[in-house]
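Let the hints inform the model, and build the full structure from the sequences given.
Those protein sequences? They're chains A and B, same order as listed.
Residue numbering for the first sequence follows my numbering, starting at 37 and increasing by one per position.
Residue numbering for the second sequence follows my numbering, starting at 37 and increasing by one per position.
Keep in mind the hints are simulated off the structure, nothing from the lab.
Please note that the accuracy of each hint is not assured.
Said to hold, decoys possible - Here are the simulated distance ranges between beta carbons:
| no. | chain 1 | residue 1 | chain 2 | residue 2 | range |
| --- | --- | --- | --- | --- | --- |
| 1 | B | Cys282 | A | Asp401 | 54 to 64 Å |
| 2 | A | Arg183 | B | Thr191 | 21 to 31 Å |
| 3 | A | Arg183 | B | Ala498 | 56 to 66 Å |
| 4 | B | Ile194 | A | His281 | 42 to 52 Å |
| 5 | A | Thr480 | B | Ala113 | 33 to 43 Å |
Using N, Cα and C, we set each Cβ at its ideal position, and we do this for glycine too.
Number of protein chains: 2
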Amino acid sequence: MPHVLEKSVTTEVPGPMSKATSKKLDAVFDARAVYFVVDYDKSSGNYIVDVDGNQYLDVYSQIASIPVGYNNPALIAAAQSPEMISALVNRPAIGNFPSAQWNDILRNGLLKVAPPGTDKIFTAQSGSEANELAYKAAFMLYRRKERGEGQDWTTEEISSCLENAKPGSPDLAIMSFANSFHGRGFGSLSTTRSKAVHKLDIPSFNWPKATFPALKYPLAQHAEENAAEEKRCLQEVEKLILSWHCPVAGLIVEPIQSEGGDNHASPAFFQGLRDVTQKHGVVMIVDEVQTGFGATGKFWGHEHWNLTSPPDMVTFSKKAQTAGYFFGNPLLIPDKAYRQFNTWIGDPARVIVSKAVIEEILSKDLVAQCARVGDVLYTELEKLSTQYPEQIKNLRGKNQGTYIAFDTQDPAGLVSAMKRLGVNIGTCGINTVRLRPMLIFDETHGNMTNSHALGKVLNSRA
Amino acid sequence: MPHVLEKSVTTEVPGPMSKATSKKLDAVFDARAVYFVVDYDKSSGNYIVDVDGNQYLDVYSQIASIPVGYNNPALIAAAQSPEMISALVNRPAIGNFPSAQWNDILRNGLLKVAPPGTDKIFTAQSGSEANELAYKAAFMLYRRKERGEGQDWTTEEISSCLENAKPGSPDLAIMSFANSFHGRGFGSLSTTRSKAVHKLDIPSFNWPKATFPALKYPLAQHAEENAAEEKRCLQEVEKLILSWHCPVAGLIVEPIQSEGGDNHASPAFFQGLRDVTQKHGVVMIVDEVQTGFGATGKFWGHEHWNLTSPPDMVTFSKKAQTAGYFFGNPLLIPDKAYRQFNTWIGDPARVIVSKAVIEEILSKDLVAQCARVGDVLYTELEKLSTQYPEQIKNLRGKNQGTYIAFDTQDPAGLVSAMKRLGVNIGTCGINTVRLRPMLIFDETHGNMTNSHALGKVLNSRA
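Quick look at the structure:
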């Protein structure tokens, strides 16, 4: 077992070694966003150690992407396995020349946690790529239905698509929500609506943006108002589908809008989205890049909704340590081979890591742990919010595992003060602090450490 | 050293075990494009072994992406290194929390082979992503110049980009060439013009497509005609830049159009592109995803051109075993942090493999070997083309290392017959067979084996 560390920060953050290393790096690789430079060999479990020897409890987890702790022994074993070494040195074009093991790696890994109602997978390398592949599947399905089953492509379609012109290259849209984040490729970025810094100066598709419900907190005190807000948003979604300048082939939604500020909606809202998308033949894509793999206290964030029928596609990345999308409907496999294709189609090395992550989550029941610890953490934060009502506002994430966030004045200042007390924590949206601990975060960290440091910071700022 | 294998095919291709495994896989993962299922543990050097025990000389190399042989000992050593294990189990958000080693890994790896005139890098996970990142850099640079240095973003720009509307989300274009392949994301696919199967039903940007020169072979017999063709194409490029409905911010070109049929142009043509792009302030992006890393007999395909000034960006993937783009001009770093950014920004595990690949190429002088072996191979094929003029047409790739291709009737049939004789070879374009051996391919394979099998096939089909 790895050595258990403790919070300990003895320099400014970033410290002198971090600054010096970062400066050298910046001459060849843009290092302006570096918080600190890390000694990953010394990092362990929930703790990240920087090159100045500072030790932080990490509740940011590489932008919500470390699942089961630094230097996790089970992952080290997977990294040293013969199948990993082969995957690293013999990287396949997996669509043409899959390994003898590929089928088993998928079935004993990712497919074990396939969301209810899905049983097929397409692998990718990032959340952005996963979403774009899902959009392409949605567009091809839309045109397949429009064309009629068994109808072959026309010569006009074949020639016009090479000109980026209709009818081969059609005007079709993916709908997304205000404040969403779905990635940074040209398609995924067209659906991302959270911040100008992601989008400015980049050409985009004229696709519809719907309003995401702005719920009021505490939820129990605003039940009627919030229900009306969600109803209004659902009506807008339907209106946009019916009135947009081109057909809406798909809709993408995060279970909790993460980068955009940890915005939640109720199960009823998502059931409404499922109903309206089914009514109008719009593919529903659930973007679980940040919510998937347990952090909400269920394996998939959308399992909180109890939908009457499953989403059409579910995308994943981050804590999965690989990426891709799950689906059930075989019509989402394009009518011909090579339409959904690329050289590598993901990375088996990362899929092997993912398999070890899944084994670790399932064997240690970490999703249940996350639900339990999240309740403790939420209760602690609720107490702090009563004590410091101006500094912890709109606390959210009740019964959502450790997927907890709150609004505050000067989130950057709070995060910076927390780092100096040995807690690496992040922000999202405009004035939100988000908790993204790993799935191995437990009561000792939640109760004793994190809110204790937070209490100190809040007190000093009150 | 790995055991040296020989060609040996004892079953139909794919064999019964390949078929059975592929069928099982197809229930969960689209396996329609599978040629055969591979036993990577038994594969070695230039030879790939399938699950039926068939051994093939591999001159397709995972769609041109295996650089230095299956189970290369130097790559195995890198895969077993402590830094690899850490990179696999502690995957960083490298823009925020780079490892202490990241600077050295880049400088002693990829940056050692940075194309002349470039000294900075942005890492990615695929060729498609690398190209899209380059497009984004080109768009941000264009608007930076238009806006004026030091000018901040306007509130109108900031709000409109979230609506996917002007001026924040501007109409700007990337020009590419007919028959090009630059990837399958929504931006890169808008520049891909090779085949309908890649593009049909997918919305695209209204970006300009220029004609790529259609050279006549043998080159020596058509010098004047080919020069006129290239001049005509260059004039068209300039005309498109001046007349397109929106500004052309960038132009992307492959040194040899690969997926589109192994189409070559002369150094004079590419110098002309450099001149016209500089004249009009258009960023020139050279897509070396397939040509980079030695196969043309130079490390970078564009080094054959002896440009008077270097390209603005050079993208890479495939044989690099990782991806990204090189650049020199610091103005291609956006004016603010987080504009060119994503959670992982590539994969350090794959960058470590890349470093081992580079060490192997440089220490064994494999680029020079590839140039030498390519000459032998070309001469052999030239002889065969004289013997079978109807079956080997438009032989191309002289003095381009092993980057050799020819047109033939029924390329799929030829490739299939070659597989049965133990040579795994691929096609491109409409009627082209392309050779993409690894950099460790040598005279014994070129002279004795490959063209020998090819001679048999051609003879049987003559």
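Query raised in the report: Do the beta carbons of A:Arg183 and B:Ala498 sit within 56 to 66 Å of each other?
Result: At 42 Å between Cβs, range violated.
Query raised in the report: When you take the CB atoms of A:Arg183 and B:Thr191, is the distance between them in 21 to 31 Å?
Result: For A:Arg183 and B:Thr191 the Cβ distance comes to about 44 Å; the hint is violated.
Query raised in the report: Between B:Ile194 and A:His281, does the C-beta distance stay in 42 to 52 Å?
Result: This hint is violated: roughly 24 Å between Cβ atoms.
Query raised in the report: How does the Cβ-Cβ distance of B:Cys282 and A:Asp401 compare with 54 to 64 Å: does it lie in that range?
Result: 55 Å, holds
Query - Supplied distance hint 33 to 43 Å, evaluated on CB atoms of A:Thr480 and B:Ala113 - result: Cβ of A:Thr480 to Cβ of B:Ala113: about 40 Å, so the range 33 to 43 Å holds.
When the structure is compared with the earlier hints, violations turn up for hints 2, 3 and 4 and for no others.
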